[in-house]
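The primary structure of each chain is shown beneath.
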Amino acid sequence: MTKDTNELLPSAQFEGPVSKSFAIDPSSSHSTHGRTNGPSDYVLAAGAVDRDAPTEAGDSQIGRLRAYVTTLQDEVNEFLTARMKGGQEKDVQDEYEDEDEDAEEEE
Amino acid sequence: MPYYSLGIEGSANKLGVGVIEHPQEKLAAYNHARVLSNVRDTYVTPPGEGFLPRDTARHHRNWVVRLIRKALDESQIPPEKLDCICFTQGPGMGAPLQSVVIAARTVAQMWRLPLVGVNHCIGHIEMGREITGATNPVVLYVSGGNTQVIAYSRQRYRIFGETLDIAVGNCLDRFARTLRIPNDPSPGYNIEQLAKKGQHFVELPYTVKGMDLSMSGILEYVDGLANDLFNGKKNKQLVKPDGSKITVEDLCFSLQECIFAMLVEITERAMAHVGSKEVLIVGGVGCNERLQEMMGVMARDRNGNIYATDERFCIDNGIMIAHAGLLAYRTGKRTTLEESVCTQRFRTDEVFVSWRDD
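Listed in order, the protein sequences are those of chains A and B. All residue numbers for the first sequence refer to UniProt numbering, where the first residue is 1 and numbers rise by one. All residue numbers for the second sequence refer to UniProt numbering, where the first residue is 1 and numbers rise by one.
FYI, nobody ran anything at the bench for these hints, they're computed from the structure. There's no promise every hint is true.
Heads up, simulated DMTMM-like pairs for lysine to aspartate or glutamate below, C-alpha to C-alpha not over 20 Å straight-line [said to hold, decoys possible]:
#, chain 1, residue 1, chain 2, residue 2
1, B, 70, A, 52
2, B, 233, B, 203
3, B, 209, B, 162
4, A, 85, A, 75
5, B, 70, A, 56
6, B, 26, B, 358
All chains, full assembly: derive it from the sequences and hints.
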């Protein structure tokens, strides 16, 4: 891939009990076929045939950005999934339930 | 100079993009909008499965650029000639809506065009009025996610009656899942084809409640009959007077007759209330020929007319969003980036209809 000086490089920042930064290394290889953007296991098990795969990234500024975003999204997804599995993140629903309980206690 | 807009729809499993042209003067019977392109792609799941938000959103994300390109190519309108980008802001499924909003925001910023968020139901109503020429009809809006009887009054589309639980299309689709019939081209279409072969009516609960109706109990009931049929369980309702067995086709026929009769009843009551002789059917279930036929019988009895569109405009599409959005744009509506958040709950009567003054 050819890159110009105005290359669009996405980044992400997680703020919480821990902080983590996500950045893209444009010299690595990137594609739109990520590790976490495929069909869900449920529909594949039900016999779905994937006709909705993303197209290949073009070698343009915007095309390369698509591939970078896919890599970045994979890293964010895997980070958040690991935290959820490790029980470090409370489910949003749990938070609402906690709020409801607090409200009831106040009453 | 005419006005041009591009509309993107993706509140459920259809992704649609359309480009519309409005003449400069006010739209009228002699001065119609022109459909320049109206393309669509549907996320289809295996038989027996519904569409999950995550996979539907993925479908929309991965097709939206291809569809926008195709719509622009067909319309032969370059982006610089467009006046605005219109998108479905709600109601609908959160994840698919989000995919569409992001696509709309992106092209609006790339092409430096204003955004106009559109209520999906208003899109159906305005496109139905434009295509059929119905001026001030009672609207029956029937789809997979919505069931409403609507009439216009003082710059709002007011809801006269609606479902208290599931939508009519959802009821039909879920019964199709029980029967494990294909979802291609749509479960409702396949139920309709089976119903045409049905001969014997099986009595089902009839649940009109004032101006509203309820369909979850009917679905539960007919699902139970279908399961008894498949499992060979004895059930008096599954035996015809001549001793032969009720078929799957009979169940599809009975379900359609029962829920469509309920829809006709509340529509007729709304027509009597507002003194209208016109009824317009919009939404995906509006394509159903049996529903159109039953509604036509009622409308003719009242010396009225029924208006309906074909699948290009009944089923979710991008052109209706382009059309309703452009009507709003022409009366000054703009949606800023901060306001462009989509919403799963967005009632028809929340929209101020600035483009009508009758």
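Going down the list of hints, with the structure as the test:
no., hint, in the structure
1, B/70 x A/52, "holds (16 Å)"
2, B/233 x B/203, "holds (18 Å)"
3, B/209 x B/162, "holds (10 Å)"
4, A/85 x A/75, "holds (15 Å)"
5, B/70 x A/56, "holds (18 Å)"
6, B/26 x B/358, "holds (14 Å)"
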